[in-house]
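Q: Residues per chain, in single letters:
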Amino acid sequence: MAGTGGETSAQTLADSTSVLSTHGLTKDFNHLRAVDNLDLTVYAGDVFGFLGPNGAGKTTTIRLMFGLIYPTSGYVQVLGHRIPGARQEALRHMTGFVDDPVFYKNLSARRNLRLLSGMQGPVSEERISEVLEMVGLENRGDSKAGSYSHGMIQRLGIALALVHCPDLIVLDEPTSGLDPQGTKDVRRLIAELGEQGTTVFLSSHLLHEVELVCNRAAIMTKGRMIVEGPVSDLHPSTSSVKVLTDNQAKAREVLARLVAPNTVVLDEGYLVFTSTEELVPQAVRRLVEDGLDVLAVVPSVAQGLEDMFLNLTADAGEGGLGATVSADAKGRR
Amino acid sequence: MSNIRREFYKMLFQKRTYIGWAGLFIVPFLVTVAVRFSDAGQQHGPDGPEAVLIQLMRGNGLFSAVATLGVLTGFFLPLLASMSGSYTIAGEAESGTLRTVLIEPVSRGPLLLAKWLVANIYMAIGMALLSVASLIIGSAIFGAEPMQLLSGGTTISVGQGLLRIAASYAFVLVGMAAVVSLATLFSTLANSSLTAVFGALVLVIVMQVLGSFSVFDFLEPYLITSHFDAWQNLLRHPIVWEPMWKGLINFVVWIVGTTGLGYVVFQRKDVLT
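Top line first, the protein sequences correspond to chains A and B.
Each residue of the first sequence is one higher than the one before, counting from 1 in my numbering.
Each residue of the second sequence is one higher than the one before, counting from 1 in my numbering.
In case anyone wonders, no lab produced these hints; they're calculated from the structure.
Note that beta-carbon positions come from the ideal geometry of N, C-alpha and C, so glycine has one too.
Incorrect hints may have been included.
Claimed, not checked - Here are the computed lysine-lysine pairs in the DSS-like style, where the Cα-Cα straight-line distance is at most 30 Å:
hint, chain 1, residue 1, chain 2, residue 2
1, B, Lys15, A, Lys105
2, A, Lys144, A, Lys184
3, B, Lys246, A, Lys105
To be verified - Here are some chain B residues pointing at chain A (derived, C-beta under 10 Å):
hint, residue
4, Arg58
5, Thr73
6, Thr97
7, Ile103
8, Ser107
9, Arg164
10, Arg236
11, Val265
12, Leu272
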């Protein structure tokens, strides 16, 4: 574990090191299977997004990671230490919070940080001031936690996670309850942690957030992981393109020779077809070569992670979930 | 920072800590003042051995400490002990701080034992306040004289009397540690401190009811409450040790049994709050 200074031992980890992994992780509550045979891996330096609809099992998974609850089967591994078996050793390398962070209301923020982070080792007052400043609470450090707003408590939770410069920070919806500026600040902070080599596991229902700050992500629904991989690979490589020419009928024939004929449709006067980025200039060139005047080419908004998330979770909900998709082999950072 | 120091520090920042202590500090004043202004010939307040102690108080303020102890051992002290023990795990689970604590690399077993110990320290401080307040007000109103013991005929010096009073409080404190342990066990089973308080208190009351019917005499050696008043043997000459030893053994068995069970339960507890 790193000391109380500003250095992080995560910097010393090799890129390929698995910092956090789950192996056949399963948790049953009575007859309900909340987490079902979950296998995922988070590598050193990852800012890993953990997505899923409400009730997907995200928070249960995080509770299992912290050893707050016991798995029915399987285990979590943090830098070689198994949870639940070696929970204490594992927690020396990871911090964070699950659900909303909670503090002692009668104690000031500073006292809370001193008391709670002191469980892991001595902490200097300077370090406490430093983390309070990092989350923008430097002027409220002596106020009681009970007087804090929800957003300030979230920030204090992040401050607590940062005190000991852990190898891995697990954050459950860290921007929940924050104002736009606060949200922006926290995202910037997470991105900076990632750049400094700290591994971050970020559970969020904000897909845009995951796209912005994460390099890898997993999507979970009904206790099962349905996709895991680099965020860039979770985007479909295709998007829709609208074309307007002086002769749409002829243009349709030309485009049909270039892409699958049934993907070219006429919509409100425009020809719409599904294309890769590379195919667009080729299509325009072919249209011009065939004597057509190209009046407009309008790229539609690319299909985002949100669409993919909705499609995948809807498929899973309809029982159409077959095997886990893994884009993991490509493009780790 | 050690678990014990941290738990003690937390306790000092809780309002209920001071409310409980204030209650223990005020009750002796109320009891002593009530006795002072009631008619000597009439009986006011509790029946039984406590009534004798209250009558003795009129002649000697030192008995204020033993009379108050006798009055509070029946309900108030077990209530406070139940509340103190129940907050250990259930109170923190209820407020959500238990998960904040357990996310830190701390061992559950030593954490529970530290919480249990601090709950008992809370009771010890409370009972110290109770004895000091009783002696101050009792001596101020009725004076401090050599104590005539309950067995009659024998009088001991003020110093000897204070020593026996201290021993009586220490004995009751061990009895209350058994109640704290019971509440700690309930605390590991519940996620609400109120549930744990009720659980422990109901069990204490059930024991008191069982102990008051001769048909359940065979259970008496095993009930915590049957031994609560054994400290009164310290005010006899010679001191009758046997019921006190039996009481202490009973308390220790309950302490080890319930705290040990709580330890095991807490080790395997799913923290979902």
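Q: Take the hints in turn and mark each one as holding or not.
A: These are the hints, each one checked on the structure:
{"no.": "1", "hint": "Lys15/B <-> Lys105/A", "verdict": "holds (11 Å)"}
{"no.": "2", "hint": "Lys144/A <-> Lys184/A", "verdict": "holds (25 Å)"}
{"no.": "3", "hint": "Lys246/B <-> Lys105/A", "verdict": "violated (44 Å)"}
{"no.": "4", "hint": "Arg58", "verdict": "violated (43 Å)"}
{"no.": "5", "hint": "Thr73", "verdict": "violated (31 Å)"}
{"no.": "6", "hint": "Thr97", "verdict": "holds (5 Å)"}
{"no.": "7", "hint": "Ile103", "verdict": "holds (5 Å)"}
{"no.": "8", "hint": "Ser107", "verdict": "holds (6 Å)"}
{"no.": "9", "hint": "Arg164", "verdict": "violated (39 Å)"}
{"no.": "10", "hint": "Arg236", "verdict": "violated (46 Å)"}
{"no.": "11", "hint": "Val265", "verdict": "violated (13 Å)"}
{"no.": "12", "hint": "Leu272", "verdict": "holds (7 Å)"}
Hint compliance for this structure: hints 3, 4, 5, 9, 10, 11 are broken, all remaining hints hold.
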